[in-house]
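Peer 1: The primary structure of each chain is shown beneath.
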Amino acid sequence: MRYEFMHLILSRLRASLLAWLTLGIGPALAQQPVDTTITLKSIAGLQYDQPRLVLKPKTRLRLVLENYDDMAHNLVVTRPNARVRVVDAALRLGAEGASRHYVPDMPEVLAHTREVEPGRADTLLLTVDEGAFPYVCTYPGHGYVMYGILYGTRDPKRLPPPEADPYLPKRGSTAVHAGHHQPSGHPYEVTLPAVYRTFMPDCGPAAIAVGMPGLAGGPVQSYCFDAGICQLRYAWSGGFVDNADQWDGKGQKLTKLVGDIYYVASAPGRPSTAGLTVSTTTKPGAAPAPSPAGLVFPLRIGSKPAGHSPVVQFRGYRLINRYPEFQYVVDGVTVRELIKPLPGGRGLVRQFSIDKTKQPITFLADEQPGLAYRATQTGKTAALRNGQLLLPAGTRQFTIFMTVQ
Amino acid sequence: MRFSLVYLLSALATTTGLLLWSPWSVGTRTTLASATNHSNKWSVGIGAPSARTTVTIPAKNTKTRGQATGDTITDYYSVETVPTPPGLVAETGGLAFMPDGRLAVCFHRGEVMLYDPKTKQWKLFAEGLHDPLGVIAVSNTELLIVHRPELTRIKDTNNDGVADVYETVIDQFGMSGNYHEYAFGPVRDRQGNLYISLNAASNGAGIRDEVRGTYDPLGRPGRMYACVPYRGWVLKQTPAGQVIPYALGFRSPNGIGFDAAGRLFVTDNQGDWLGTSKLYHVEPGKFYGHPSSLVWKKDFPDIDPLTLSVQALDSMRTKEVVAFPHQRMAHSPTQIVPDLTRGKFGPFGGQLFIGEMDFSRLLRVMFDTIGGQLQGACIPFFDKAGLKIGNNRMAFSPDGSLWLGMTDHGWVGDRGLQVIRYKGGTPLDLTAMHLTATGFDLTFTQPLDDATARSLTNYTCRRYYYKYHREYGSPETDKQPVAVTAARLSPDRRTVSLTVDKLVPGYIYEFTLGDLRAGNGTKKVANRLVCYTLNRLR
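Going down the list, the sequences are from chains A and B. Each residue of the first sequence is one higher than the one before, counting from 1 in our numbering. Each residue of the second sequence is one higher than the one before, counting from 406 in our numbering.
In case anyone wonders, no lab produced these hints; they're calculated from the structure. These figures come from a predicted structure and were not determined experimentally. The beta-carbon is built from N, C-alpha and C at its ideal position, and this holds for glycine as well. Be aware that a few hints might be false.
Each computed DSS-like pair below joins lysine-lysine, with the alpha-carbon atoms no more than 30 Å apart [what the hints assert, rightly or not]:
#1 B:K528 - A:K340
#2 B:K872 - A:K256
#3 A:K340 - B:K872
#4 A:K56 - A:K253
#5 A:K256 - B:K789
#6 A:K157 - A:K170
#7 B:K884 - A:K250
Not close to chain A: a few residues of chain B, all C-beta gaps over 12 Å, as computed [said to hold, decoys possible]:
#8 P522
#9 D536
#10 H552
#11 K560
#12 Y584
#13 N598
#14 A666
#15 H814
#16 G815
#17 H839
#18 Y870
#19 T882
#20 R941
These stretches of chain A come out as covered by chain B in the derived footprint (C-beta under 8 Å, 3 or more residues) [as the list claims (entries may be wrong)]:
#21 77–90
#22 190–200
#23 246–256
#24 307–316
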């Protein structure tokens, strides 16, 4: 006991000495944003000379693109996991592309250069956040191979080695890449389909991440379902999730998704990063808050007016061959939704089963450029009109096919 | 000390060039009792974070410790580490025995695994949960598990040994996305009602842009806060499915459980508004002192509860039945389990055992009833006798052994599973402590040796209290020695009646026992420190 006490005093003394040192110098320097300039070259073979940049968060980056190639390029920094989505949108600019430097107008674009002719240079400015930010040439066709990754991190040792980095172009070495074994973090291999309830970005806190195997030669696909509002939030291809940060410590950090987002549920009339639902008067027993992200719920029960926010209640899920089939109640009607990957390509197959109700049901397609909707009802093709599928009372099942074009 | 440690760690992190210590780590459980226990672990953690998963503190050799001093607790109880599967990061969130004797265990990364003590085999039952922190085994194929977003019923309906149904049971509470919004429980009463307890959020971190449930900015100020519904509450669900906000005023209620008489208790963790960690007897509608949760109380006015005076809040609150003096007894009390083993776990039948995160010990509670109200004393159990720290979860096996699940979860702690088994015999220890008009009756497991029991030098007493205030923790306040003026031994020599010079309500009476003996000097008193929370006089 006496020994312990002495030790306590000693360690306290040592700690306060160190505390002075640290307080005096360390944090003050660490908080200072740093300015830096990096020059990237676009070189022959549709590539940047540096495919991976690692910087400390809060760095103010001046990024220069010098074009050493014999064709025009640009450089676009995107939000995490949004490279393919931006590249697809750039492609859809069509004839308008050139006048816009092939940069689509969307929130996923964080910063960009202009189109840079051979022998020229251009510069973009960006404050680096914590995260993994793809940079890519959105000149038509280039973006599927010509890209790199900018990491904002204080802990570069935790980055994967370049040969195992899922965000780097695979330059003909897919065998090596596929052969790299990432530990699952569990006492077993993770088998797809797989479900994680976790904190996901751009979703409410009650998120469910589902990873699915590629079917008929298609890529691995994943989606995020929001159990708080009973709604599909977004989907991506090329990977599942990385839980390392979320599992570490107390659980504040978000799980990262691995791959490229191809669908994000849109919120008409409201920004995609919607604010809080604020109420100072609501007390227990009041109706639940409306959809926090301003999303349109995909199912309308009966003839509710446009803009009606249904009352939803999540009921859980059951696993069917490891695929979760969600169950939730929408305005009193129980619905089950089973989401599978579209075979052979990017997209989702969503099978809805409806409990007995005397009311008609409307499916409201979240129509977006580059996304095609198709529907079947009891095996037959059903027509979507103006983005809506009208289902007569008594409909028990229908399937929505979302295909990325 | 708390802040010193933080600085020590940040200094270490700085010198090793790593910035592992985020601002939000300055949290609720950072004080260390004995740096000797932990410094090795932390330095490993800082030097090589990826190696932390494999770091374990070796259990101390219980046998050699026991032999050196003659009569120790390890003569009566053994502790053993249970191997966990390779690749498992065994941050234990819940333990429960199924009717067939298998142990259901849930872990931080969402795994639910079943361990068969007979075959010593582990098997995966369910996966993908979000930080599960408690489990009830309903049957051999069905569990109730609480995790961040909800209480979930998990069933194997096709009898392939793996769960296939995950039914939402309770999700009628908010989530701000703040890391500290843990959900604890579940426990079930004799009528089949279910209870869970919900942690408040911490200002060590913010909230998400999107929250689940209604956001109320009046619940946002404060060190620990409740800006979405029922953070800092206990919720009850009736067998018919109705969810009832049951009691409020909790900060970090990481322990909820019933005693042998069916009374509900919650442990809460030292911090803002908790001068020290506590055990509350939870009754419907009552407020237990942490203010932020008041915003979700029906008919509470539209004000920030922190604008109320301390006196007003103090008059509204129900005090703890037992305080766990900080450092002396506990830093972070955890689960509550009653000993219903009918003697299979030794001489403390019917009493509550409580886990502790930062010390190699459990706590044991001895109740007293004064004027129909509970109060009582706490005493260590199996103190520094080879148990790991980080004892987050506990479950009694049908064979009467006590299984323990460790976690660290970003705080001080450890990982893995251990089991304490009663070997037989009767250690010399306190079994009851009752307030009298002039002092306390201390009842022991067996007759005491006359001379030691009657010697006043064997009883040192002092009193102090912890402040109820907004600040984090509290010093021992108004500390005073209390003279023990008489020690009378009962005819059966098991009860010592102590007279003390003054009994004042609102104080903790802390006794340090001297070298009490039994069995003609062959048995030494196992635990010398006992703290009685004196709320009311007899």
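Peer 1: Run every hint past the structure and note whether it holds.
Peer 2: Going through the hints against the structure:
Between K528 of chain B and K340 of chain A the CA atoms are separated by roughly 28 Å; this keeps the pair inside 30 Å, and the hint holds. Distance hint between K872 of chain B and K256 of chain A is unfulfilled; the C-alpha atoms sit about 43 Å from each other, more than 30 Å. A distance of roughly 57 Å separates the Cα atoms of K340 of chain A and K872 of chain B; the hinted pair therefore is violated under the 30 Å criterion. Annotation: proposed proximity of K56 of chain A to K253 of chain A holds, straight-line Cα distance about 17 Å (limit 30 Å).
Distance check on the hinted pair: K256 of chain A and K789 of chain B sit about 41 Å apart at the alpha-carbon level, beyond 30 Å; violated. Distance restraint check for K157 of chain A and K170 of chain A: the Cα-Cα separation of roughly 22 Å lies within the 30 Å cut-off, and the hinted pair is therefore satisfied. Proximity of K884 of chain B to K250 of chain A is assessed by CA-CA distance (about 36 Å); at most 30 Å being required, the pair is judged violated. Distance check on P522 of chain B: its Cβ is at least 18 Å (rounded) from any Cβ of chain A, clearing the 12 Å threshold; non-interface status holds.
Against chain A, the non-interface label of D536 of chain B is violated: not every CB pair exceeds 12 Å, the least being about 6 Å. Look at H552 of chain B: its CB is around 7 Å from the nearest CB on chain A, not clear of 12 Å, so calling it non-interface is violated. Residue placement check: K560 of chain B does not keep its beta carbon more than 12 Å from all beta carbons of chain A (closest about 9 Å). With 12 Å as the threshold on Cβ separation, the claim that Y584 of chain B sits away from chain A is violated: the shortest Cβ distance comes to roughly 4 Å.
Annotated as non-interface, N598 of chain B keeps its C-beta farther than 12 Å from every C-beta of chain A; the closest such distance is 18 Å. With a least beta-carbon separation of about 30 Å from chain A, A666 of chain B lies farther than 12 Å from that chain, consistent with its non-interface assignment. Interface exclusion of H814 of chain B from chain A breaks down, the closest Cβ pair being 6 Å apart, not more than 12 Å. Listed as a non-interface residue, G815 of chain B fails to keep its Cβ farther than 12 Å from every Cβ of chain A; the least gap is roughly 3 Å.
Annotated as non-interface, H839 of chain B keeps its C-beta farther than 12 Å from every C-beta of chain A; the closest such distance is 29 Å. Against the 12 Å criterion, Y870 of chain B stays outside the reach of chain A, whose nearest CB is about 23 Å from its own CB. Remark: the non-interface label on T882 of chain B is consistent with the geometry, its nearest Cβ contact in chain A lying 21 Å away (cut-off 12 Å). Interface exclusion of R941 of chain B from chain A stands, the closest Cβ pair being 32 Å apart, more than 12 Å.
Counting residues of the stretch 77–90 of chain A whose C-beta lies closer than 8 Å to any C-beta of chain B gives 0; at least three are required, and the coverage claim is violated. With a threshold of 8 Å between beta carbons, the proposed coverage of the stretch 190–200 of chain A by chain B holds, since 6 of its residues qualify and at least three are required. Against chain B, the stretch 246–256 of chain A contributes 6 residues with a C-beta closer than 8 Å to a partner C-beta. That satisfies the three-residue criterion, and the hint holds. With 3 residues having a Cβ less than 8 Å from any Cβ of chain B, the stretch 307–316 of chain A passes the three-residue criterion, so the hint holds.
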